[in-house]
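Spelled out from the first residue to the last, the chains are:
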Amino acid sequence: MTDTATDSWTVAGQTFTSRLIVGTGKYKDFAQNAAAVEASGAEIVTVAVRRVNISDPSQPVLMDYIDPKKITYLPNTAGCFTAEDAIRTLRLAREAGGWELVKLEVLGEARTLYPNMVETIRACEVLANEGFKPMVYCTDDPIAAQQLEQAGAVAIMPLGAPIGSGLGIQNQVTIRLIVEGAKVPVLVDAGVGTASDAAVAMELGCDGVLMNTAIAEAKDPVRMARAMKLAVEAGRDAYLAGRMGRRKYADPSSPLAGLI
Amino acid sequence: MTATLSLTVNGDPLRTAAATIAALVRELGLNPAKVAVEHNGAIAPRSTLEGVALADGDQLEIVHFVGGG
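Residue numbers (our numbering), protein chains in the order written: chain A, 24 to 283; chain B, 109 to 177.
Do not take every clue at face value.
To be verified - Now the in silico label distances, taken between C-beta atoms and shown as ranges:
1. B/120 / A/54: 29 to 35 angstroms
2. A/196 / B/116: 29 to 35 angstroms
3. B/156 / A/173: 55 to 61 angstroms
4. B/112 / A/76: 33 to 39 angstroms
5. B/116 / A/38: 42 to 48 angstroms
6. B/116 / A/49: 14 to 20 angstroms
7. A/133 / B/155: 57 to 63 angstroms
8. B/128 / A/261: 56 to 62 angstroms
9. B/155 / A/269: 58 to 64 angstroms
10. B/156 / A/105: 25 to 31 angstroms
11. A/242 / B/112: 34 to 40 angstroms
12. A/40 / B/163: 37 to 43 angstroms
13. A/206 / B/123: 37 to 43 angstroms
14. A/133 / B/167: 25 to 31 angstroms
Claimed, not checked - What the simulated footprint calls covered on chain A by chain B, stretch by stretch (three residues with Cβ under 8 angstroms from a Cβ of chain B suffice, anywhere in the stretch; the number is not a length):
15. 38 to 51
16. 71 to 77
17. 81 to 87
18. 96 to 110
Read the hints as simulated data drawn from the structure, not as lab findings.
Each residue gets a CB set at the ideal place from its N, CA and C atoms; glycine is no exception.
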């Protein structure tokens with residue numbers, strides 16, 4: 024059996040043991056957020072870049088609760104609808120934290136938050152040329168995934184379903200095709216609603232799963248964070264173990280010989 | 109006497125006597141180590157914040173990390 028302690032994955036030269044990346048949005052407060060991150064076992068959290076509140080600078084900030092020295096901050100470009108906006112945001116993020124590993128997402132429209140792949144690929148090229156290591160939110164399109172890799176993406180992160188929808192992995196075939204074709208890590212990003220969805224992503228051979236709302240909007244976010252940790256581990260183990268073949272009909276588990 | 113400058117900070121007008129970006133950030137009650145600053149459309153590297161002089165009409169964006177997915 025593969026020792027889970029040795030099962031790690033590497034993105035842009037950085038090695039992680041946890042295959043679960045969690046968001047830091049939509050929580051009741053920073054304390055609950057920090058407790059959920061702890062329970063999830065995540066080593067990477069996504070964060071957004073926004074204007075500081077000049078009128079009330081004494082408000083608590085994320086960094087007071089989740090220590091960027093212990094947990095890797097993955098700055099995102101959520102809310103960006105053009106390549107230029109995303110690039111500008113990540114240049115600021117690099118200055119705010121000094122990190123090159125970033126999450127690029129360029130959205131096409133507010134209703135679906137579906138990625139605009141033309142803008143995404145363009146931004147990915149520019150960022151990679153500036154030394155960034157973009158992990159890229161994208162459509163579940165195996166060809167777009169290849170194009171992203173050529174554009175310098177260090178990880179391909181197709182959606183399982185629309186952001187915040189919790190609908191689960193809608194197209195297992197395309198996710199599997201992306202996994203099979205990629206030379207960089209593949210993580211399902213968006214669409215996970217409950218633990219079984221995360222397990223499905225891992226059973227398809229994904230290197231990890233990124234989620235936010237499924238944990239933050241659970242009735243008990245800390246418990247759901249733990250459920251997601253276990254689901255990702257279970258799915259990974261199931262993938263490594265190799266599932267049995269599917270049969271069309273029954274096959275008894277007890278011997279037929281020696282029946283009384 | 110210190111001159112008072114008219115700036116635009118995060119989209120809003122602001123008058124300040126601060127001479128440098130770092131001084132402005134501290135005047136606003138913020139820690140320069142926890143923010144990133146865009147000065148007239150270009151990144152102001154953190155290592156230079158103490159040295160960059162502000163001028164009347166400057167446009168600044170001061171950002172930090174918040175929760176997000």
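Violated hints, by number in ascending order, as checked against the structure: 2, 3, 4, 6, 7, 11, 12 and 13
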